[in-house]
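In terms of the numbering used here, the sequence shown opens at residue 11 and continues consecutively.
No lab work stands behind these hints: they were computed from the structure. Among the hints, erroneous ones may be present.
Label pairs and their in silico Cβ distance ranges [to be verified]:
(1) Thr347 with Glu225: 50 to 56 Å
(2) Leu164 with Val139: 31 to 37 Å
(3) Gly271 with Trp245: 26 to 32 Å
(4) Ser344 with Thr382: 34 to 40 Å
(5) Gln161 with Leu334: 26 to 32 Å
Keep in mind it's a predicted model, so treat the numbers as computed, not measured. Here a beta-carbon is modelled for each residue, glycine too, at the ideal position from N, C-alpha and C.
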Amino acid sequence: MVAVTREFETAATRFGASLALGVAAVATVALVAGTGSLLRGLVGVAGAVLVGRSANLLDGESNQRRAIGSVGVVVGSALLVGAVVVADTASGLVALAGLAVMATALDATGGLDEDTGRELFRAILDSGVVLAGFVALAAAVATGLVAAVAQGVLFAGETLLAQNSFVLLLSVQLGVLLVVLLLARALPRYDEWLPDAWLPEQRAVLDQLATELWEVPRWVWLALGGQVVLVGTDWAPPLVERLLGLLSVFGEAIRFLLRSGVLHIPLALLVTLLAGTVLADYVRHAVVVWAGDEPPETLANAGGGLVVGAVVGLLTAIPPLVALVVSGFHPESSAATLSAAFGLGATTLGTVVAALVAVLTTVGTALWLSETSYVPATAGGFAIGSGLLFVAALAGTVSGVPAFLTFVGVAAALLVWDLGENAVGLGHQLGVEAETRRGEVVHATGSLLAVGVGVVVALVAMYGLGPLSVPSGGRAALALALALVSLVAFVVAIERGDGNDGEDSRRGADGVAEGQE
Numbered sequence: 011m012v013a014v015t016r017e018f019e020t021a022a023t024r025f026g027a028s029l030a031l032g033v034a035a036v037a038t039v040a041l042v043a044g045t046g047s048l049l050r051g052l053v054g055v056a057g058a059v060l061v062g063r064s065a066n067l068l069d070g071e072s073n074q075r076r077a078i079g080s081v082g083v084v085v086g087s088a089l090l091v092g093a094v095v096v097a098d099t100a101s102g103l104v105a106l107a108g109l110a111v112m113a114t115a116l117d118a119t120g121g122l123d124e125d126t127g128r129e130l131f132r133a134i135l136d137s138g139v140v141l142a143g144f145v146a147l148a149a150a151v152a153t154g155l156v157a158a159v160a161q162g163v164l165f166a167g168e169t170l171l172a173q174n175s176f177v178l179l180l181s182v183q184l185g186v187l188l189v190v191l192l193l194a195r196a197l198p199r200y201d202e203w204l205p206d207a208w209l210p211e212q213r214a215v216l217d218q219l220a221t222e223l224w225e226v227p228r229w230v231w232l233a234l235g236g237q238v239v240l241v242g243t244d245w246a247p248p249l250v251e252r253l254l255g256l257l258s259v260f261g262e263a264i265r266f267l268l269r270s271g272v273l274h275i276p277l278a279l280l281v282t283l284l285a286g287t288v289l290a291d292y293v294r295h296a297v298v299v300w301a302g303d304e305p306p307e308t309l310a311n312a313g314g315g316l317v318v319g320a321v322v323g324l325l326t327a328i329p330p331l332v333a334l335v336v337s338g339f340h341p342e343s344s345a346a347t348l349s350a351a352f353g354l355g356a357t358t359l360g361t362v363v364a365a366l367v368a369v370l371t372t373v374g375t376a377l378w379l380s381e382t383s384y385v386p387a388t389a390g391g392f393a394i395g396s397g398l399l400f401v402a403a404l405a406g407t408v409s410g411v412p413a414f415l416t417f418v419g420v421a422a423a424l425l426v427w428d429l430g431e432n433a434v435g436l437g438h439q440l441g442v443e444a445e446t447r448r449g450e451v452v453h454a455t456g457s458l459l460a461v462g463v464g465v466v467v468a469l470v471a472m473y474g475l476g477p478l479s480v481p482s483g484g485r486a487a488l489a490l491a492l493a494l495v496s497l498v499a500f501v502v503a504i505e506r507g508d509g510n511d512g513e514d515s516r517r518g519a520d521g522v523a524e525g526q527e
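Required output: the full structure, derived from the provided sequences and hints.
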């Protein structure tokens, strides 16, 4: 396997990217803490950063590295969605802010390009397929579907054995026909799976018994069809019982064989074995198609789904633990409703799959932004991260977040974009290994002062002028309006000073690089 090597000029400088990621993480924790849950913010940020860092392991040189990256992506997505659904308060804010940190981390930790997006898509798709299988299995167990099928089979068997001799005789004939039809499908599979010398004489006999559907004689279909029609009549079943009575001892022996299950149980077991063989072969073909040309790589990509699915499946099989977790849900929450209907395991794994879809959507949007003329190449993660953080800050106005934190969130969103875009520009010009810390500190200080002034002005207007003219019920709308005004003012200021500030930071970085040479 050949590792994909990223060119330095397509990534951001490490210091600037780390600053942007740090600002996004701190702002997210502050916004979520403003809703009353600091732990949710910490868990969400941890999951988002884990996804960002793990995504860069997916194009590694070994399948072991790829598997670790897959596990990190799925576990990080699980932590992120856990922070969102653990309570019903401000779930939208937590989701937006968490995805903002994740998008920023993708760009900050290794660069978000088409290679990363493609590998992340493969890992999420392969892990998602495995998790979907776990979800189906967990839901089948939790809803009692497996037990219902087993009980239905037992009930059908008991009902069948309680029927008259005519119905029992007809069921034996149908069972034999089903066996010979399944043999035609199952024998080629046994030839592939078993040694070449497996019971050649018995194999030849079975080959003579095996019959394809179109090879069954017409008189067999007519005979069976006629008997099926006669089952509903009032004279055919009593006639068979009368004929068995005329046979005396032999009739009693036949009646015993039909009613005791001596014939039906072996036939049922044989049909189950042959049908299971045919079904296993279809599953094998599906797995081969899913594994593709490189099964070890596909399995490594699905490592996250396998690990998380197995762990969640084992944990949710412990009744005391399930009762403890479910008791923490709000009675009217969606998590409680889904857990009651499909079980905690299926609900948990289903939300992880939803989180993977959200991650993939965010990454796709970031890559699309990178292809537009409005966002510098490889800065799509910073762009979508900044936008999501900005929307999350505005969502805080209706989620009980204090106005001060709302303004800080808006300012942080602007800083994430400004620092990230500057880091990408410097990385494109000088390379990510260049020492650009001095110039970036100067740029970051200027940007921080600019947004700081905007926050102070908004706070003065909020707490000074706001109470004089705005009713208490309009504080949220005022905060939103002031945040938008601050944004427009900051963008205008950056546009006017971008030429000088950008040149100064790059000139400072160039000077440092020349001094090192």
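Open item on the list: To test your reading of the hints: which numbers does this structure violate?
Closed with: none
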